[in-house]
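Peer 1: So you can see what is in the structure, the chains are spelled out below.
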Amino acid sequence: MNNSIATWMHKRQKVRLLALLAAPGLWLVVAYLGALGALLVTAFFTIDNFTGDTIPGFNLGNFHDMVSDPAYRNVMFRTLGIALSVTLICSAIAIPMAFFMAKVAKPRNQKFLVALVLTPLWASYLVKIYAWRSMLEPGTGVIDWLLSPLGIHSPGFGGPAIIIGLSYLWLPYMILPIYAGLERLPNSLLDASGDLGARNFYTFRKVVLPLIFPSLVAGSMFTFSLSLGDYITAQIIGGKLQMLGNVVYQNFSINLPFAATIATIPITIMALYLWLVRRTGALASL
Amino acid sequence: MLESGDVTVSIRNLTKSFGKVQAVNGVDLDIYSGEFLTLLGPSGSGKTTVLRMIAGFEKPDSGSIYLGGEDVSQLPPYERDVNTVFQDYALFPHMDVLSNIEYGLRVQGIEKTERKVRSEKALDQVRLTGYGDRKPAQLSGGQRQRVALARALVNRPSVLLLDEPLGALDLKLREQMQLELKELQREVGITFVFVTHDQEEALTMSDRIAVFDQGRIEQLGTPREIYENPKSAFVSEFVGQTNKITIEGKKINIRPEFVSISSSATLGDKSLEGVLRDAIFVGATTRYLVGLENGEALISIKPTEPLSVGDSVVVSWESKREFLV
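First to last, the protein sequences are chains A and B. Going by my numbering, the first sequence opens with residue 1, and the numbers climb by one from there. Going by my numbering, the second sequence opens with residue 1, and the numbers climb by one from there.
Simulated from the structure, these hints should not be mistaken for lab results. Glycine included, each C-beta is placed from N, C-alpha and C at the ideal position. Be careful, since some hints might not be right.
As the list claims (entries may be wrong) - The calculated label-pair distances, taken between Cβ atoms and stated as ranges, are:
(1) R127(B) with L18(A): 45 to 55 angstroms
(2) P76(B) with R278(A): 47 to 57 angstroms
(3) R199(A) with E225(B): 34 to 44 angstroms
(4) E200(B) with A22(A): 57 to 67 angstroms
(5) R199(A) with E187(B): 29 to 39 angstroms
(6) R199(A) with Q176(B): 29 to 39 angstroms
(7) A271(A) with P42(B): 53 to 63 angstroms
(8) L33(A) with Q138(B): 36 to 46 angstroms
(9) N74(A) with Q138(B): 42 to 52 angstroms
(10) L39(A) with P76(B): 50 to 60 angstroms
(11) P76(B) with H153(A): 38 to 48 angstroms
(12) Q176(B) with W27(A): 27 to 37 angstroms
(13) F201(A) with D6(B): 51 to 61 angstroms
(14) G109(B) with L209(A): 41 to 51 angstroms
Said to hold, decoys possible - For lysine-lysine, the following PhoX-like pairs were computed, each having C-alpha atoms within a straight-line distance of at most 25 angstroms:
(15) K206(A) with K20(B)
(16) K320(B) with K250(B)
(17) K206(A) with K112(B)
(18) K59(B) with K103(A)
(19) K270(B) with K231(B)
(20) K121(B) with K182(B)
(21) K128(A) with K111(A)
(22) K20(B) with K111(A)
(23) K231(B) with K106(A)
(24) K103(A) with K270(B)
(25) K106(A) with K112(B)
(26) K172(B) with K182(B)
(27) K231(B) with K250(B)
(28) K206(A) with K116(B)
(29) K251(B) with K320(B)
(30) K121(B) with K206(A)
Generate coordinates for the entire structure from the input sequences, incorporating the hints supplied.
Peer 2: Okay, here's the thing in C-alpha cells:
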C-alpha cells in the first residue's frame, strides 16, 4: 500500500511539491501574511469614541492624526535614530570580534567562541534588561561604582541606556552572519593582498569589507528591525523616553486602529530599507 | 649561468614546526638570479612551508632568509620584493580582471596611466588581451591561472613564488601551461621558485630541482643529475621509476626505460633471463613485467615487441646505466 502511493507520487512531481509545501505554505499565507494583512486593514478603521468599539471602514483619519501630530514624528525619528545607532555600534563591535573568531583564533577554539557568543541568547530577554537596569542605576549601579573614580558616570535611564541595552541584546545576531561570511572568505585572499604590498588596513578596506558586505547587511536587518519594533527595553531602562513600540502598546487597548496605524511606520521603514539593500545588490550574493 | 649567477634568495638553517609536526628541519638553499628552481616533494615534505616562509606568510622558528642580501625572515609579506601565484589563484572575486592585476600597482601608488599601460601589457603577456573587464568567476581555470600570473608579474618582483599553480588544471592544459610558464620565465628573466609534487613537471620545467623529504632537502641538482644520479633511495623512488634487483649478492638499481627486452637478443653488457608475466600497452611504449629466475621482478618500458605473456625472454642493459644508492 505504502509502496504504491510512493510509486504513484514518484511520477507526479507537482503533487509531490504540493504535499511538501502545504504546511509551510499554509503557515506563511494564513498565520503570517493573514495577521499582517489584518493589521494593515485595521489601520483604516475608526473607533466609536463613546463605546470604544472598532468600526470597520476605510478612513485615512488615523494617518492624518499620526502625521500632523509632531509628538509622533519625534517618536518616529527617535526610534529611527536609536535603531541606526544600535546597528552602527553592533557592526563596529561585531566586525573585529568575528574577524578574531574566524581568522585569528585557533580552529579548535572557534567553536568554543561561537558558543560563547550564543550563551546570552539562552537567558531571558527580561532578565538581561533588568540586569542592565541594575547596572545602569545612577549612584548605586555597578557602572557608577566602577567608573565614577575615573570621572565617568552612568548615563542613567534614557536614550543612551536604550542604545546600550539594545546593542547588547542584538550583538550576537550581527556577529554570527559576519562570522559565517568571514569563514567563507579564503585565507589566501588575505595572503594575496599582503603579498601584493597591501598593509592590513588596506586589505580590510579593499578586500574584506566588500566581501563581507552581504553578511553585514544580513546582520543589520536583525539589529535594525528588532530595535525598530522594541518596546520592553524602552519601558525598563528608557526612563520617560518612548519608542514607536511603546506608542503601539499604549494605544493597543484604547484605540486599536490607531495602534495599527503606528505599526505601519516600522513596516514601511523596513520595506524601504530592504528596497535600498536590494539596489546595492547585496541580497543577490546573500 | 647557474654557478656564476648572483644569489637572489639565500636560506640558512631554516626550521619551522606546527605544534608537534616538524615541517621544515634545517634547510639551506641558494637560489640564483634568473633561474627556474623547483621545490619537489610529496605532500607534507615541507616544500610549501619553505615557499610560504620566503613569501612571509609564515615566520620561521629559527634560521634566516636573505633576499638580495637583506635578512627578511621577520618582515611582513608587504615589505618583501616577492610575489606569489597561489594554488587556488586567490583572485579577488569582487574585482574585474584588470583591477585584480592593477592591485599591487595601486597599493604602490603608481599613477593611473602607467598602471593601465603596465596591466594591459601583463594581460597581453599571458595571452588574455581583451579580458580585462571580466570577473574571475567568468573565466575558466586556465584563464584564472594566467590572471594570477599577470597579477604577480606586473609588479616586477625579484622573485616569483608559485605554489602548485598547475595542480587544479587537467592534464592537457597542464602540459601546455608548463611550456608557457617556462617560456614566460625566459622572457621576463625573473627568478621562479616553483613548488610541485609532480616529478615529471619538475623535470620538464626546472633549471634545478630541490627534492624535499621530511622537512629536509634530500638532493639539489639539475633535472639530469637528479634523474641519473639520485643520491638516496628516496630520490630514486620519488623521481622516476626504479627497478631494484640483486645480482650475485649485489643490489643494483636500473631505470625501466634502460632495460631492453627480447626473446633472445641482448643489448648491452648485462643480461638476465626470465619469463614475461605481464605486458601493458600504453601507446608509444609497452610496460613489460618480467619475472626473474631468482624470484625478483623487473619492469622494462620499451616500444612494443612481438612478445606474449608466458614467453621466455632476455632482459639486458648497459652497466653504466646502473646506479647505487
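Peer 1: Confirm or reject each hint.
Peer 2: So, going through the hints one by one against the coordinates:
1. R127(B) with L18(A): 45 to 55 angstroms: 53 angstroms, holds
2. P76(B) with R278(A): 47 to 57 angstroms: This hint is violated: roughly 39 angstroms between Cβ atoms.
3. R199(A) with E225(B): 34 to 44 angstroms: Between R199(A) and E225(B), where Cβ atoms are some 43 angstroms apart, the hint holds.
4. E200(B) with A22(A): 57 to 67 angstroms: At 59 angstroms between Cβs, range holds.
5. R199(A) with E187(B): 29 to 39 angstroms: Given range 29 to 39 angstroms: holds, Cβ gap about 32 angstroms.
6. R199(A) with Q176(B): 29 to 39 angstroms: Roughly 37 angstroms apart at Cβ, these two residues keep to the hinted range, so it holds.
7. A271(A) with P42(B): 53 to 63 angstroms: 58 angstroms, holds
8. L33(A) with Q138(B): 36 to 46 angstroms: Cβ of L33(A) to Cβ of Q138(B): about 39 angstroms, so the range 36 to 46 angstroms holds.
9. N74(A) with Q138(B): 42 to 52 angstroms: For Q138(B) against N74(A), whose Cβ atoms are near 51 angstroms apart, the range 42 to 52 angstroms holds.
10. L39(A) with P76(B): 50 to 60 angstroms: 56 angstroms, holds
11. P76(B) with H153(A): 38 to 48 angstroms: 42 angstroms, holds
12. Q176(B) with W27(A): 27 to 37 angstroms: 56 angstroms, violated
13. F201(A) with D6(B): 51 to 61 angstroms: 36 angstroms, violated
14. G109(B) with L209(A): 41 to 51 angstroms: 20 angstroms, violated
15. K206(A) with K20(B): 36 angstroms, violated
16. K320(B) with K250(B): 15 angstroms, holds
17. K206(A) with K112(B): Roughly 17 angstroms separates the two Cα atoms, so the pair holds.
18. K59(B) with K103(A): Within the cut-off at roughly 17 angstroms; holds.
19. K270(B) with K231(B): 23 angstroms, holds
20. K121(B) with K182(B): Within the cut-off at roughly 18 angstroms; holds.
21. K128(A) with K111(A): Holds, at roughly 24 angstroms.
22. K20(B) with K111(A): 22 angstroms, holds
23. K231(B) with K106(A): This hinted pair is violated, its Cα atoms lying about 40 angstroms apart.
24. K103(A) with K270(B): Violated. K103(A) to K270(B) sits at ~61 angstroms, over the 25 angstroms cutoff.
25. K106(A) with K112(B): 41 angstroms, violated
26. K172(B) with K182(B): 16 angstroms, holds
27. K231(B) with K250(B): 18 angstroms, holds
28. K206(A) with K116(B): 19 angstroms, holds
29. K251(B) with K320(B): 15 angstroms, holds
30. K121(B) with K206(A): 24 angstroms, holds
Of the numbered hints listed earlier, those contradicted by the structure are 2, 12, 13, 14, 15, 23, 24 and 25.
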